[in-house]
Amino acid sequence: MTGPQLDGLCVRDLRVTFDGFTAVDGVDLDVPPGDIRFLIGPNGAGKTTLVDAVTGLVRATGSARFGDRELLGRDVHRIARLGIGRTFQTASVFEELTVVQNLDIAAGATRSWWTLARRRHRVPDEVAAALETIGLADRGDQLAGALAHGQKQWLEIGMLLVSDARLLLLDEPVAGMSHEERDATGALLETVSRDRTVVVIEHDMDFLRRFARSVTVLHAGKVLSEGTVAQVQADPRVQEVYLGVDTASEA
Amino acid sequence: MTAAPLVGTDPASAAGTPAGGRRGRRFDGPARTAAGFALGAALLFAVAPLTLSDFRLSLLAKYLCVAMVAVGIGIAWGRGGMLTLGQGVFFGLGGYAMAMHLKLADAGPGELPDFMQLYGQLDELPLWWRPFASPWIALPATVLLPMAVAFGLGSLVFRRRVRGAYFAILSQALAAAMVILLVGQQGTTGGTNGLTDIQGFFGYDLDDPVNQRMVYFIIAASLLALLALARQLIRSRYGELLVAVRDGEERVRFLGYDPAGVKLVGYVIAAGMAGLAGALFVPAVGIISPALIGIVPSIEFVIGVAVGGRATLLGPVLGAVAVAWARTALSERFPGTWTYLQGLLFVLVVAFLPGGLASLWALARQRRSDPAGARWWRRSRAADPAETRTEVSAA
Numbered sequence: 001m002t003g004p005q006l007d008g009l010c011v012r013d014l015r016v017t018f019d020g021f022t023a024v025d026g027v028d029l030d031v032p033p034g035d036i037r038f039l040i041g042p043n044g045a046g047k048t049t050l051v052d053a054v055t056g057l058v059r060a061t062g063s064a065r066f067g068d069r070e071l072l073g074r075d076v077h078r079i080a081r082l083g084i085g086r087t088f089q090t091a092s093v094f095e096e097l098t099v100v101q102n103l104d105i106a107a108g109a110t111r112s113w114w115t116l117a118r119r120r121h122r123v124p125d126e127v128a129a130a131l132e133t134i135g136l137a138d139r140g141d142q143l144a145g146a147l148a149h150g151q152k153q154w155l156e157i158g159m160l161l162v163s164d165a166r167l168l169l170l171d172e173p174v175a176g177m178s179h180e181e182r183d184a185t186g187a188l189l190e191t192v193s194r195d196r197t198v199v200v201i202e203h204d205m206d207f208l209r210r211f212a213r214s215v216t217v218l219h220a221g222k223v224l225s226e227g228t229v230a231q232v233q234a235d236p237r238v239q240e241v242y243l244g245v246d247t248a249s250e251a
Numbered sequence: 001m002t003a004a005p006l007v008g009t010d011p012a013s014a015a016g017t018p019a020g021g022r023r024g025r026r027f028d029g030p031a032r033t034a035a036g037f038a039l040g041a042a043l044l045f046a047v048a049p050l051t052l053s054d055f056r057l058s059l060l061a062k063y064l065c066v067a068m069v070a071v072g073i074g075i076a077w078g079r080g081g082m083l084t085l086g087q088g089v090f091f092g093l094g095g096y097a098m099a100m101h102l103k104l105a106d107a108g109p110g111e112l113p114d115f116m117q118l119y120g121q122l123d124e125l126p127l128w129w130r131p132f133a134s135p136w137i138a139l140p141a142t143v144l145l146p147m148a149v150a151f152g153l154g155s156l157v158f159r160r161r162v163r164g165a166y167f168a169i170l171s172q173a174l175a176a177a178m179v180i181l182l183v184g185q186q187g188t189t190g191g192t193n194g195l196t197d198i199q200g201f202f203g204y205d206l207d208d209p210v211n212q213r214m215v216y217f218i219i220a221a222s223l224l225a226l227l228a229l230a231r232q233l234i235r236s237r238y239g240e241l242l243v244a245v246r247d248g249e250e251r252v253r254f255l256g257y258d259p260a261g262v263k264l265v266g267y268v269i270a271a272g273m274a275g276l277a278g279a280l281f282v283p284a285v286g287i288i289s290p291a292l293i294g295i296v297p298s299i300e301f302v303i304g305v306a307v308g309g310r311a312t313l314l315g316p317v318l319g320a321v322a323v324a325w326a327r328t329a330l331s332e333r334f335p336g337t338w339t340y341l342q343g344l345l346f347v348l349v350v351a352f353l354p355g356g357l358a359s360l361w362a363l364a365r366q367r368r369s370d371p372a373g374a375r376w377w378r379r380s381r382a383a384d385p386a387e388t389r390t391e392v393s394a395a
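Which chain is which? The protein sequence lines are A and B, in order.
Residue 161 in my numbering sits at position 161 of the first sequence, and the numbers go up by one each step.
Residue 208 in my numbering sits at position 208 of the second sequence, and the numbers go up by one each step.
Misleading hints may appear alongside valid ones.
Simulated restraints, written as ranges between beta carbons of each label pair [what the hints assert, rightly or not]:
id, chain 1, residue 1, chain 2, residue 2, range
1, A, Q89, B, A351, 26 to 34 angstroms
2, B, A351, A, R209, 49 to 57 angstroms
3, B, F151, A, A137, 36 to 44 angstroms
4, B, I169, A, T22, 32 to 40 angstroms
Chain A residues, not near chain B, derived (Cβ > 12 angstroms throughout) [claimed, not checked]:
id, residue
5, E95
6, A129
7, T133
8, M159
9, H203
In short, the hints are calculated from the structure, not lab data.
Quick reminder that beta carbons are idealized off the backbone N, C-alpha and C, glycines included.
The task is simple: from the sequences and hints, build the whole structure.
Set out below in structure tokens:
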């Protein structure tokens, strides 16, 4: 379904500044090929900004390489064509198009104008395969706007699969999901990571414990801790940051 | 509130939902399209010419030109979300290109058009008029010139991510600039009067009612051709992509497309359609002038599309013809009140029927297939989040 090579993400000294406020402050990050890396950290730690920088949405200094390609400085759609796919905190599917149409569009960024000018007469193979993978095979003709919240998130992940993204950056994929939906999403991530590299921003610690292969903790724009779930949980600095935030938010 | 999800479902079926499944019962697919075009052709080529007087038929020719502009706006605005308030520019470019050629043909080889002799104080034809003496240049230019201008403007604007109200205002400013330019260059453009008193159309005398009918038939055939083109566009993968850009430009970008290019194509096609409409308007009416292409007519083009239903194939056409017809009918009886009525109509449609009159049709069809209306109610509730979002973006 994808190309043969499996690449990793390598970020060096990444900095993002908004009007003097430094949101990401010299982050180094290595996500090996095929990893499921969870990015966690309190609100404002710079998790989403980091993903924004890697996908070209905000300007950054430093370096972010996927395989042997430098990502920084390219246009958003060019980065996407290098195999970097992302989702957003609020599922953004095309609600007035059907599930199949959504996937077909995602699959076609490299189509010629000649192909675009004609009708789609059947469901392309990669779209059919993705429908199975994301469990929406019986909903292909339904409008995406009529899907349940969790299904929209899966559809969005499916759109990244058919677009041949080899690095998936998922921003809070299980927010607002039921327990069953979370389990299904976790299983989906494990399937997907067989031939892709996955980075997940998530607040849900239970979900993290079950599905993370490695974890990076960000705090105030810097990497605070990194390692396996057990290593990170045992790190006193992480406990301090999280306890501090917890008491602050409860106050 | 009730109309939006229906508008949402209807274009989606036009955008390529495979026939069958839950829509299978309905008369659909190629047979329906062929029947639709046959009906349109019968109305335009048989019923109208047989029942209407020469005067009414020439009015209808004029309305159909407006409808051709509307087909383009339906693509750019209805499918692509680009509210273009400056289609008069492209209509005007097509119209002036045609009128310049016809004026030169009227004047005869080597002669100046009449208005230049009157107040131009020109000894010879201005350089930029000369190419239009040849029909081989003037005719393609009626379509290609507007497309080129739209390409230039669109390239500048869409890459800079100018959209929504900013794009609408910018396109309107273009219409204003074009009028100022034409009025200011009276000696070579005819100024406020425009290019008037056009006598012949490629050797045919336009005063002869038979030839006026011929022009009408050309216009009707062109409209049907544009509808066929628009239908193909809407149902193609490009048509689906255009809707995706309309509803989630950033999402499309993150999938690896450049939305600027997608929008540019839709905008350029709409400009070409407006240009062709302007070109055919000239022999039908015998005049092209700044008052016919400025801000007010540009907005009137859009009103017809909004009233008819911008996201559907036929809505813009029917809306454009209906509004233009109502304008003539009402201003014959109540001169002076039409502007207010038109404004009221626009406000009512935008406020209560954002999908235009086409959504009434969809509503009626739903009711008929399910008398209790239960299914419609259920679906409109299911599609609720989409509905809210549509309303916000429409506002």
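Verification of the hints:
Under the hint 26 to 34 angstroms, the C-beta atoms of A/Q89 and B/A351, about 32 angstroms apart, fit the expected range. Between B/A351 and A/R209 the C-beta distance comes to about 52 angstroms, which sits within the given range of 49 to 57 angstroms. In this structure, B/F151 and A/A137 meet the distance hint of 36 to 44 angstroms, their C-beta atoms being roughly 42 angstroms apart. Between B/I169 and A/T22 the beta carbons are some 36 angstroms apart, a value that agrees with the proposed interval 32 to 40 angstroms.
Distance check on A/E95: its Cβ comes as close as 4 angstroms (rounded) to a Cβ of chain B, failing to clear the 12 angstroms threshold; non-interface status is violated. No Cβ of chain B comes within 12 angstroms of the Cβ of A/A129; the nearest lies about 18 angstroms off, and the non-interface call holds. Distance check for A/T133 against chain B: the nearest CB is about 17 angstroms away, which clears 12 angstroms, and the non-interface claim stands. Distance check on A/M159: its Cβ comes as close as 7 angstroms (rounded) to a Cβ of chain B, failing to clear the 12 angstroms threshold; non-interface status is violated.
Distance check for A/H203 against chain B: the nearest CB is about 22 angstroms away, which clears 12 angstroms, and the non-interface claim stands.
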